[in-house]
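Number of protein chains: 2
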Amino acid sequence: MNLYDDDRFFSSYIALRNEANYNDLMETPAMLSLLGAVKGKRIIDLGCGFGSTACVLADMGASYVLGIDISEKMIKKAKAEHQRGSVEYRVMDMVDVSDIEERFDIAYSSLAFHYIEDLGRLLQGIRGILAEGGMLIFSQEHPISTADYEGGFSPDGSSYTFSSYQKEGKRVSRWFVDGVTTYHRTFGTIANTLIQNGYSIDAVLEPKPSDTAMKILPRLIREYEKPSFLIIKSYKK
Amino acid sequence: MNLYDDDRFFSSYIALRNEANYNDLMETPAMLSLLGAVKGKRIIDLGCGFGSTACVLADMGASYVLGIDISEKMIKKAKAEHQRGSVEYRVMDMVDVSDIEERFDIAYSSLAFHYIEDLGRLLQGIRGILAEGGMLIFSQEHPISTADYEGGFSPDGSSYTFSSYQKEGKRVSRWFVDGVTTYHRTFGTIANTLIQNGYSIDAVLEPKPSDTAMKILPRLIREYEKPSFLIIKSYKK
Numbered sequence: 036m037n038l039y040d041d042d043r044f045f046s047s048y049i050a051l052r053n054e055a056n057y058n059d060l061m062e063t064p065a066m067l068s069l070l071g072a073v074k075g076k077r078i079i080d081l082g083c084g085f086g087s088t089a090c091v092l093a094d095m096g097a098s099y100v101l102g103i104d105i106s107e108k109m110i111k112k113a114k115a116e117h118q119r120g121s122v123e124y125r126v127m128d129m130v131d132v133s134d135i136e137e138r139f140d141i142a143y144s145s146l147a148f149h150y151i152e153d154l155g156r157l158l159q160g161i162r163g164i165l166a167e168g169g170m171l172i173f174s175q176e177h178p179i180s181t182a183d184y185e186g187g188f189s190p191d192g193s194s195y196t197f198s199s200y201q202k203e204g205k206r207v208s209r210w211f212v213d214g215v216t217t218y219h220r221t222f223g224t225i226a227n228t229l230i231q232n233g234y235s236i237d238a239v240l241e242p243k244p245s246d247t248a249m250k251i252l253p254r255l256i257r258e259y260e261k262p263s264f265l266i267i268k269s270y271k272k
Numbered sequence: 036m037n038l039y040d041d042d043r044f045f046s047s048y049i050a051l052r053n054e055a056n057y058n059d060l061m062e063t064p065a066m067l068s069l070l071g072a073v074k075g076k077r078i079i080d081l082g083c084g085f086g087s088t089a090c091v092l093a094d095m096g097a098s099y100v101l102g103i104d105i106s107e108k109m110i111k112k113a114k115a116e117h118q119r120g121s122v123e124y125r126v127m128d129m130v131d132v133s134d135i136e137e138r139f140d141i142a143y144s145s146l147a148f149h150y151i152e153d154l155g156r157l158l159q160g161i162r163g164i165l166a167e168g169g170m171l172i173f174s175q176e177h178p179i180s181t182a183d184y185e186g187g188f189s190p191d192g193s194s195y196t197f198s199s200y201q202k203e204g205k206r207v208s209r210w211f212v213d214g215v216t217t218y219h220r221t222f223g224t225i226a227n228t229l230i231q232n233g234y235s236i237d238a239v240l241e242p243k244p245s246d247t248a249m250k251i252l253p254r255l256i257r258e259y260e261k262p263s264f265l266i267i268k269s270y271k272k
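Top line first, the protein sequences correspond to chains U and G.
Under our numbering, the first residue of the first sequence is numbered 36, with each subsequent residue one higher.
Under our numbering, the first residue of the second sequence is numbered 36, with each subsequent residue one higher.
Each hint should be verified, as a subset may be incorrect.
One copy or any two copies: either way a pair holds, since identical chains are not told apart in the list.
Quick list of in silico lysine-lysine cross-link-like pairs, DSS-like style, CA-CA up to 25 Å [unchecked claim]:
1) Lys74 x Lys272
2) Lys202 x Lys250
3) Lys205 x Lys243
Honestly, the hints are just simulated from the structure, not real lab data.
Next up, chain U with everything else stripped away, as it sits in the complex:
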């Protein structure tokens, strides 16, 4: 069973997303700022969760949005709460995207790639369903964050301690539940895996919180010491 179908994880995660959270206050606005206009575009949302962004993309004018997620619970919630005429949802592991017959102008993925063990295989699969010159835009946990789950902020949030940056691979940590598995890759590995799989790197964004976001969620000020997220915008070459 995948993490997001664990009952305890799922309810904790939904509760988190119902409060002021990093996704809605910082990550999604940063992604949308890099994405640009989507009017008339066909978009796949890889790891779409409960579909909030898929609907935003549809409302921004995308002609078709296919949201896929490995979690049955997430897709069930998406279908129940985030329906649009131009949005479709499927339960699917994103490493199997090459099974999809449709082709897309944009592949969009929010905070999911760090769950994937084989980034090269994933990027090849995505490349196969992108139209010529199609865009891949994704966010993931920042490599400084994925390096070491033993580390973290000082109690007052003024500094961050980490280790093991060059020791890539599996990390098992606790996030609501024990045994949450992610994969640490250095910035260099992420960039080179894109390049070697036929993508150009067109923008890199380590998002900062807006003043408004920090008023709503004051601990976002810590993002000035150490970024939580890395966003890359690429095109199929």
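Since chain U is already given, all that's left is putting chain G on it; use the hints.
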């Protein structure tokens, strides 16, 4: 007066470079591994120091190497100790490269860009002296390192503490002498400044020490916790 012409700094730096050091054991091999063949190429070495790499490039078959450095002392030492028929040295601030009339196939710069305040202006200048499709390859202190000179390794070297990653700009620290000025830029800013000034990003390397290098200089093992250097290979688009 620039840092490298300060008598105390200069003699301390030369003493460091005469011992087993990070440059010779890790940074230069990593740069040369990305650089590839240089036979018949015209190369500018930006911030060439005392010319050791300029000579390596000449010995690898470069048809012409122009080494420039802001430090008169460094260029004097380069001319005295690192002469080759195909190598020329000039005292020059790299931000003024657009004054150079020659054109180059490769611009090479080792551990100097973090001294430069205006990276965009520098990159534009370099672009102007690169031939069509020319390569820019540079190393600099890693953004995790330049973020915060108050931070550093734990006493046993097993973790690294930093802050202020998103607070870009001037840093003044002590390295042999007080008042050493460098400029912190995030990974995103470095990448985007390249892209916005007409370069593609073709490889990113955060070098790791070899086993041999760690035998010679055991504290290089700390590089596995936190990288010291960032290397980017780019082409003029």
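Which of the listed hints are broken here?
As far as the earlier hints go, not one is violated by this structure.
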